[in-house]
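**Student:** Between the sequences and the hints, there should be enough to build the whole structure, so can you do that?
Residue numbers (the working numbering), protein chains in the order written: chain A, 1 to 531; chain B, 1 to 309.
For the record, the hints were derived by calculation from the structure and aren't laboratory data. Honestly, I wouldn't trust all of these hints.
What follows is a set of in silico ranges between Cβ atoms, one per label pair, in the way DEER data are often shown [unchecked claim]: (1) Asp376(A) to Leu222(B): 52 to 58 Å; (2) Pro163(B) to Leu70(A): 45 to 51 Å; (3) Ile264(A) to Arg125(B): 58 to 64 Å; (4) Thr88(B) to Pro177(A): 40 to 46 Å; (5) Glu89(B) to Asp363(A): 24 to 30 Å; (6) Leu373(A) to Val45(B): 19 to 25 Å; (7) Leu222(B) to Leu49(A): 42 to 48 Å.
No residue lacks a Cβ here, since even glycine has one placed at the ideal position from N, Cα and C.
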Amino acid sequence: MKTALLERETAPAVAPRGPRRGGARGRLLTVLLLGPVAAIALWAAFPLLEQGHWIALGVLAAATAGLFYLYLSPRHVPAKYLVPGTLFLLIFQLFPVLYTASTAFTNFSDGHRGDKRDAVVAIQTASVTRVPGSAEYVLTVATTGDPATGPLSFLVTDPATGRVSAGTAGGLRTLPPGEVTVNPAGRVTAAAGYTVLTGGQAAARGREITGLVVPTAGGAIRSQGLTRAYEGRAGRAYDEGCDCIREAATGKTWTADDGRGAFIAADGERLAQGWRVGVGLANFTRLITDPAISGPFARTLIWNLIFALASTGGTFVLGLGCALALHSPRMRGRALYRTLLVLPYAMPSFAMLLVWRDMFNTDFGLINNLSGLGVDWFGGATSARIAVILVQLWLGYPYMFLVATGALQAIPAELSEASKLDGAGPWQSLRRVTLPLLLVALTPLLISSFAFNFNNFNAIYLTTDGAPFAADNPANGATDLLITYTYRLAFGGSGAQYGFAAAVSVFIFVIVAVISVVSFRRTRRQEEVYS
Amino acid sequence: MTDCTEPRPGWAGDGRGGEGQEGMKMRLSMRWFSAVGWRHGVAVVALLFSLFPIVFVVSAALNPLGTLSSTTVLPRGASFGNFSRLLTETPFPHWFLNSVLIAGVSAAASVFLSALAAYAFSRLRFRGRRPGLLALLLIQMFPQFLAIVAIFLMFSTITELWPPIGFNRSWGLILLYLGGALGVNTWLMKGFFDTVPRELDESATMDGASHAQTFFRILLPLVAPILAVSGMLAFIGTINEFLIANVFLTDTGAKTLPVGMYGLVAGERNSNFGMFCAGTLLTAVPTVLVFQVLQRAIVTGLTAGAVKG
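**Tutor:** Here is the structure:
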């Protein structure tokens, strides 16, 4: 019966059944919704057309045509409901995730970002030195974004011709004279599309300005101070004949190694700028075999499991305890208690994590002030771990309290009455009747809470940030979760290791996925037993 | 649970003759304690734990000096200096509007997208239904922000081509958050859809309603509680999201509350603490409002999705 109905619903012909007032209206609505889709597609198409991204344009056209077909045709009903969310999922979640997973098999990291040509350009520009007779320019530092954070550009004025060019790490391009205003000293005062940095703003970003090198045909332009620039000559150049980098002054060569993505000299010296190559499973084997990594990694994994279990279990026990205590019709003021108890849940958690961090502050934190303990909370491994779990309990138990309250109210009163009639004490009836029913209802929530806490980045990053760190291993702290550890590997101060970080994320993914799938299977079986 | 097991004699008529009044009072209060009193005890302890950090935040926000080191648990003075400094000296109003816009729009849109998908998974039968459900479960297990490098590279291109949905724009961030919409809510909602008797939509189909009419007119009103819950969870999750927003929004005026306020205490941790706490309280306002409006639906919705019957 059910299937027959469903089949009829998805059948190709939408033969009008009875009065179909809604059918015509539904059609109209579909057209009204497809209008904006067409408009957006058109809007998105123009930049693609201008820049000649033909493949992307084709994909866009195909996707739009597909959407039109799907919603105008009466067939494929399930797809009509699934496609909108799936589109976003594919573009903004699945694509980045797969891309990340694929970098796990490469050496993508600082110094191995682009392809070989990028590496050669980087090597040549880095070797630029000032030689007698180098061209000199008047320099104006500008940006295309925010003066404090936007990407920097060098506006260089050739003193001989007065021509202004804009240079970035990508190269140099001449600006049309109509778009720039130059003062008599040669400094640019205004340029279309650029914000000129004031002296103070430029000084604040001095290190970036010193680091910016604009590649040119024969070498590169670098800054000298904040108002002058010179064009130097490259000391090292790529030689196609030997597929190597040669230093002009010494004649030393570094030969390309395509397996490792680097230029390596005969004496083993390796140039810092390399390129990206596939390394197979090297990142994964490094995780297991390199003792400097696998030791801390195993310790972090164990602590990570403890943290997730303690946070989930602790919040559940606390929340359930409070829910049981407040679950009595004879108690006065329950509504008020409930409203106040869930207040922590309504507070912004990112801000409260930072507040807790400051409450644990050794010198003027509230907790030491009140208790007079003077404990350096984030200084010792054990106290730091207790502290972060305590914070997690505070943040998480109101949610569990809410959920447990709702589940308790959903358990029919007859059940506990029946168990009372059968002579069960309060403790027995709680253990034998209430708890099993609650667990069936709440296990899916407990599992997702476990998965969330297993990767609870904010809980650590905003409080201890992994501290305390052992003196010999500044990359891995005692309260680090795998996810904060990975984040530090990928974006930390000691050079980005995206490839290795991606391998760790794949590892995290496998752990969490296995735990979740296994426990979901078990809940389903449990549910069948109890229902 | 204690109260259920006791025989319930009338409270007043319980004192039998032969006992002094003192003894009776003792017994009465003992009984009161074992029935109700301990409940108040637990509740008060829980309240103290729940509230003391919040009281501390209020006290810091009202503290005229506005520093961390001078703040005590109970406010010693009351001044709104921190609030006015926050509103005038920092772009806090901008951050606030950005956050409410981003969290509001993405919560509403993600609830809608996952309700559509949950309907398909619960009511329609098609090939790939079970693998699809499992795939959703697995995809959401992959920590999305670890893909931040890929997201960064992807949005660098998008910013070049379509600036209105690129870096430093709310719309770009909203689109990005919608990528996670299906994974988070679909399972929760599907469970709730499953509890709505099928007979309802079957009879609607018999009366000639199209699938769209069944979905919008019959099912959506019935699953309102779970829509409220998912909406609120999505709102809270988004308004607290720090990491992706931190990479995404670098212009001062484009920041959201977490990014902007993190910047407040990143450098001047001690002296901006009062302002930070004032901001914390203001940030809680939209969440508390959403929560109060949806409270009824939330208590039923949070559990009914999981409890059958």
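**Student:** Could you run down the list of hints and mark each one as holding or not?
**Tutor:** How the hints compare with the structure:
1. Asp376(A) to Leu222(B): 52 to 58 Å: 55 Å, holds
2. Pro163(B) to Leu70(A): 45 to 51 Å: 30 Å, violated
3. Ile264(A) to Arg125(B): 58 to 64 Å: 60 Å, holds
4. Thr88(B) to Pro177(A): 40 to 46 Å: Given range 40 to 46 Å: holds, Cβ gap about 43 Å.
5. Glu89(B) to Asp363(A): 24 to 30 Å: 27 Å, holds
6. Leu373(A) to Val45(B): 19 to 25 Å: 20 Å, holds
7. Leu222(B) to Leu49(A): 42 to 48 Å: 46 Å, holds
The structure shown violates just one earlier hint, number 2.
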